[in-house]
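Protein chains in written order, with the working numbering: chain P, 1 to 308; chain F, 1001 to 1429; chain H, 2001 to 2223.
Hints were generated in silico from the structure; no laboratory data involved.
Fair warning: there could be bad hints in the mix.
DSBU-like, lysine-lysine: derived pairs with alpha carbons at most 30 angstroms apart [unchecked claim]:
no. : chain 1 : residue 1 : chain 2 : residue 2
1   : P       : Lys226    : P       : Lys31
2   : P       : Lys152    : H       : Lys2094
3   : P       : Lys181    : H       : Lys2094
4   : H       : Lys2055   : P       : Lys31
5   : P       : Lys40     : H       : Lys2006
6   : P       : Lys31     : P       : Lys69
7   : H       : Lys2158   : P       : Lys40
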Amino acid sequence: MTAFPHRHLLGIEELEPDQIGAILDTAQGLKEILDRPIKKVPTLRGRTVVNLFFEPSTRTRSSFEMAEKVLSADSLSIAASTSSVKKGETLIDTVRNLEAMSPDLIVIRHASAGAPHLLARRCRASIVNAGDGAHEHPTQALLDALTLRQRKGTLEGLRVAIVGDVLHSRVARSSAWLLRKMGAGVVLCAPPTLVPQGVEQIAPVVDRIEEAIEGADAVMMLRVQKERMTGGYFPSEREYHARYGLTAARLAGARKDVLIMHPGPLNRGVEIASEVADGPYSVILEQVTNGVAVRMAVLYLLLGGESP
Amino acid sequence: MSRTLLLVGGRVVDPGQGLDAARDVRIEKGVVTELGRRLSPGGATVVDVAGLVVCPGFVDLRARLREPGDEEKETVATGTRAAAAGGFAAVCAMPGTRPVNDDADATRALLERAQRAAAARVYPVGALSQGCRGEDLAEYGDLRDAGCVAVDDDERAPVGPRLMRRALEYARAFDLPVVGGGQDPELAAGAAMNEGPVATRLGLPGAPGAAEAIVAARDLALAELTGGRLHLARVSTAGVLEALRRARARGARVTAEVAAHHLVLTDEAVAALPYDTAARLDPPLRSEADRRALLKGLRDGTLDCVVSDHAPHTVDEKDLEFDAASPGASSLETAVAVCLDLVSRDALDLGRLVELLSSGPARAFGLPGGSLAKGSPGDVTVLDPGLRREVDPGRFLSKGRSSPLAGRTLTGWPVLTVVGGRVVFDGRR
Amino acid sequence: MVVRPKGFRERRQLMDRARVARTLTRMATELLEHHPSLAGLTFVGIRSRGVPLAKRLAQRVAELAGSAPLPVGALDITLYRDDLTMIALHPIMKGTDIPFSIDGAGVVLVDDVLFTGRTVRAALQELIDLGRPDRIELAVLVDRGHRELPIRADYVGKTVTTARDENVQVLLQELDGTDRVALLDRAPDAKPRVRSARKPGPRKPSAGGSARKTGRRTKAPRR
């Protein structure tokens, strides 16, 4: 039975709930490998995976690298800066050069929404989207969902608040779609300048953080990038933190067993108060282990069933 | 080869003459000399157009021939061949070439090139500002004398308000239409498509329709202020139509155009084959509400003409991430078919279509043609309104192969084009 | 409810419920003879049908010896197969669950049918990755021959001579609602089971029973 009948993982939006469930269940099953003395299984031996990161990232890239190594795939990471692309080599050219190595799968992170889709149309390899512009970051949403599911037992019926710069956040989109498909309720919260037009079609929006976290089972805090301050979206960090920051005081209005999640890296004192980030509600470190498990699951489901 | 052409058996649709009837058309020495029934050939070359619709030769007010400077994208020869195949007897060549057409020499060079190589008539449009840099006025007097029919900074529009005012005032001396409109650069900065739910879903930066409304409102106010002739280019939003109606009601001398693809496509096209760069256009494809408003504007006369907005690019410029791809489509060979397809679906009246593609544009830029009355230039467009065919960019005569209509079946195609009594395209079955 | 793999029909029954029970008891007795002290003895069943068999075998051994229950674990060899296309495109993975250390233990690996030996090879590789057992023995309910690797079982319920393209179907109460072993062969009008080139897209679910152990693999195994 094919649990995951896709060649690529480009986003959450096009997935069915049972396919999402298959990834989460597989990730759950693979977790025990990370507890073994020998953290290696031979499943993807002989397969080549290329990590093509056009945006800097230590966290996501090393998570993919670890997943690839545990599954015994040959892993190659290329940190292609977008400026070298501007020097004349297009995305397609860069990938063509890679094709000489016959990669079975390419993990791509790029600043342009739709870059993975372009590759999927043009390359023979399977493509995994590790973040494309403000569009999607499917593995991040999946690992957050796995963490939530582990802690709460199920995703169905949960109430999750996603707070922060929704306009520019691929994590917000992927997570909102995923949670809704799995039967959770999602509410978005952002200052009006950071709410994209028409986002109500994805999830409802409130503009006060107190309202968003009231009764929430989990709060996902999005990063606020400093450039947004200079881009005129918001007057100052101080005001952002005062109005939209997750402080211990605000957290008191949430449920006692609320989970705090953050895709990292943290802007302490801006979107999240330090004591909250390090406090008992936080699952931020659990998300790292689940990240490797989810990425292993994705690689396995995309590559594990076929002969090279 | 006879210098007289006789088109027999067709249905002549010429709203300017109030004509929609079976007529033969005789063209002698490049001029229409007779319309009648069962005309005798008398040595003319006879062309059988039975079952087809015969109209005044269509005129495209906005096509980029890319020559000089970007010949790998298009040339006068290939562009005009594409125009002829698309049913256009004449095209207005945009000035944003390299070098820019901002003086008499460049205009004359273009006309010479057209004389040698063009399959359709070429009317040069001169730059609104020198080098299209938006700083100083170009030499409108010289441009007019050399043959320019309008001034426009085209893809580099809009210019600032002060220069736009000067342009409208100065052009009055030469009775030149000044082309205005565009997207406000601050609001549209970094945008790759229309701002809205589709852009949000796709995670692409978008520009609001307000960016266009702001510039149009400004230019309309300036047209009223100066009494100049304004032509609003590439209207794509509902908001502009309202302002247009009000300005006209107050006596402003303004004409307006819409690009054919905005009549049938919306921003959903970007999501259809996700991030298909063929759907990267400027102005971007808009909402369904905008599209319907544009159709209404065509029907009620708010919009005067339909243009192709032909913007050919090389494969390299399109085979990129969506936000890096050059905006524009190769549209000379689809614009007329798009309009005929609307007619086939009862969204547009055939007579109105003919006006929008012939007399409308001719009047907007003061061009000859747009009529088949005796004495008119011998430019004819012949249509087969029942022909169903799939848009196949692989078979375009244009060098540009990117089209958001690729694979779509359209009903109604141009099948014969005549320029000055010469058949320049014959696609009859 | 007996589900037969597509294209097969029953040729004859090999074991009924009573026979299965007697066979397991006999195997348990043999095991006990080789392990008079049960010290360090553990059972690991290969998913899926090796697991209930391992549980039953462990239980019989403990009953016969009058000892405390013996540890039983489940091994999922999905990630270790040398040619995953033998099963469905995406075998449903339930995961390995061995909640005790196998270091220094005597592991009895249990499976329902021993055929080419590739499943056992994968299981051995995984066990060795998981820990350092002192020794590993193999117990199977049916040995149907046609080994492709030098693997043999220490405890065999029944040896059956089969043709390569026949199928030995093992049904167990815990998973299938009944205990039964049958020999199946190809229905006369069934098309020969030739593996075509893998096409992307969903495949039909694999049939019940030990269907995966049938048929000649025409695709070359992965290295």
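Here's how the hints hold up against the structure:
1. P:Lys226 / P:Lys31: Outside the cut-off at roughly 36 angstroms; violated.
2. P:Lys152 / H:Lys2094: OK: lysine 152 (chain P) and lysine 2094 (chain H) at ~21 angstroms, within 30 angstroms.
3. P:Lys181 / H:Lys2094: Holds, because 23 angstroms separates the two Cα atoms, which is no more than 30 angstroms.
4. H:Lys2055 / P:Lys31: Cα-Cα ~24 angstroms, so holds.
5. P:Lys40 / H:Lys2006: 36 angstroms, violated
6. P:Lys31 / P:Lys69: This hinted pair holds, its Cα atoms lying about 14 angstroms apart.
7. H:Lys2158 / P:Lys40: 36 angstroms, violated
Of the numbered hints stated above, those contradicted by the structure are hints 1, 5, 7, listed in ascending order.
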